[in-house]
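Asker: Residue-level listing of the chains:
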Amino acid sequence: MTARTLAWTGFIAIAAFVLMGAGRLTLLDPVENVTLGVTAPLQEGLSTATRPVADWVNNLTDAGELSRDNQRLREENERLINDLARAREETAQVQSIEDLEAVRRQFPEDSFLDAGVIARDSSNLRSVVAIDRGRSDGLREGMIVVTEGRSLVGTISKTFDDYAWVTLITDPKSAVSAMVQESRAEGVVAGNYGGSLIMEFVGQGAAVKEGDFVVTSGVGGGYPAGVVIGRVAKVEKAEQDLFQEVSVDHLASLAKLEHVLVITSFEPQRIEEP
Amino acid sequence: MRYMIGGGIAFLLALVQASSVEQFKVLGVTPNLLLVLLVSWLVVRGLEDVLPILAVAGVTLGLVGLQAPGVVLLALLPIAGLGIVRELGVIHSELVLVLLLVAGASLAYETVVLMSLMVTGGGYDVLRAANEVVLPAAIVNLAIVPPVYLFMRLARPAAPRRGFAS
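Residue numbers (the numbering used here), protein chains in the order written: chain A, 1 to 274; chain E, 1001 to 1166.
Excised from the complex, chain E in its bound form:
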């Protein structure tokens, strides 16, 4: 049941990203709300919770966002690797951790998409793409972290209270 709900949410998130968020242009790029939500989810809820949602969201966004099938999924995969940073417990502030992971995941996402486009079609100016797309995308995604993270914190179920008897 938990996975069904998660899958439904992921499907909706991908649709929102493809149809609503793409209308917003800041610094010439579209914020990746889906990626920021997944990373915030990762930090707040853990890697095990986020991976099934990542899979559904990646496949859906690939299909409805006019991407080559599998590319979005591959571009979101570094989030799983970045999850190790959370497991290490080196950074204690959740917000700082989300900011760091969003920066890393955004750079990885755009780089993977760029690489896949180059492999399948070529003709891309890598330096220009890095300047005009990859870096601005990371900056714009960082800008939307605070409200998204706050929302995720509020959505986190409260830890069960323990009585004196337990």
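Just chain A, same shape as in the assembly:
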């Protein structure tokens, strides 16, 4: 190593730690806000230009047309499934508490703010996207984000003036209180590496089968109750285990999100420890 390369290496190491410190102190938020604003159109252009190739490679077929059709059908299917699931949920709620007003309290006159996805996390270890709405639009950390078909996407984890980061429910650190709609079995839907969803802490005695709907339970106050998360894809039961492991398929393709809705009418509750 020459003195020059040593100097560069030292400079990069110091710069990395300085940037990390500044980032923790949110000193770089204005820079990130401006950078996202400047590069968003470039990123969108590059992303759009590459998408057909990515589709082809990812599907290993002539996926352009098929992928678009598939996407359209999935969205249509998602809307229909959500309508059905919501109807079932309301019916179940009404039957169990015999009070439609209670349901209405859980589903107030929801107001949404639409947003476009402008960037995605580039690491393999997190599932985060950036949207083109921020503090100036009234967004706050903790707000809930859903797809246009109203299934759960994630929560706002960081806000800038004009942009915000959304941590998807597929992020390994994400955990959502959920229940299987048909059997009312409760558990926690957690994200996983590679973008899959696992429902944990479902008791061995709970009747869960493939195709059942999984919705938010509202326990903990972080999410409104009854928002559709997905459908049960696989159930694994082992006699020696306390819990079943339930794989959940999200209704929408979170890897291809382009537009989302932020629920601005729901205030996440912070429950203090006793």
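FYI, nobody ran anything at the bench for these hints, they're computed from the structure. No false leads were mixed into what you were given.
Straight-line alpha carbon distances no greater than 30 Å define the calculated DSS-like cross-link-like pairs of lysine-lysine that follow:
1) K173/A / K1025/E
2) K1025/E / K234/A
3) K158/A / K1025/E
4) K1025/E / K256/A
Please read all numbers here as calculations on a predicted model, not as lab measurements.
With chain A fixed as given, assemble chain E onto it according to the hints.
Answerer: This is chain E only, laid out in the frame that chain A set:
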């Protein structure tokens, strides 16, 4: 001028990595084209050429790739250490050297990102992350080495010809 061009290329590379390459998923992970290009550049052109580009690319990818500032830069830094292997001249085949360095740099990159996430937020299953992210990422990056390395070889300026008089 050389650094200006290099900086511009690095900025573009980071943008491509954040917006285009991230759409490709193989074995559940995204290939790190930027890292493979930097390592190939290191082997073909030398450490002195690659470090300024690494700095610009690292900062840019951190900003546009929604990473905590500085983490990408830190994760790319082991490339500088691996550059010593090239300087030693123990491995004579450039392609083999690129493959070895990409494997090492990929493992180091994902490990540094994982460690930084654990330090700042916790809650990560290290063994699972190693199985499902760190190792697959190294394998996928190795798979894209041959075309990237070939491109870098072709882009290398030819050595000046020497006449009999010189």
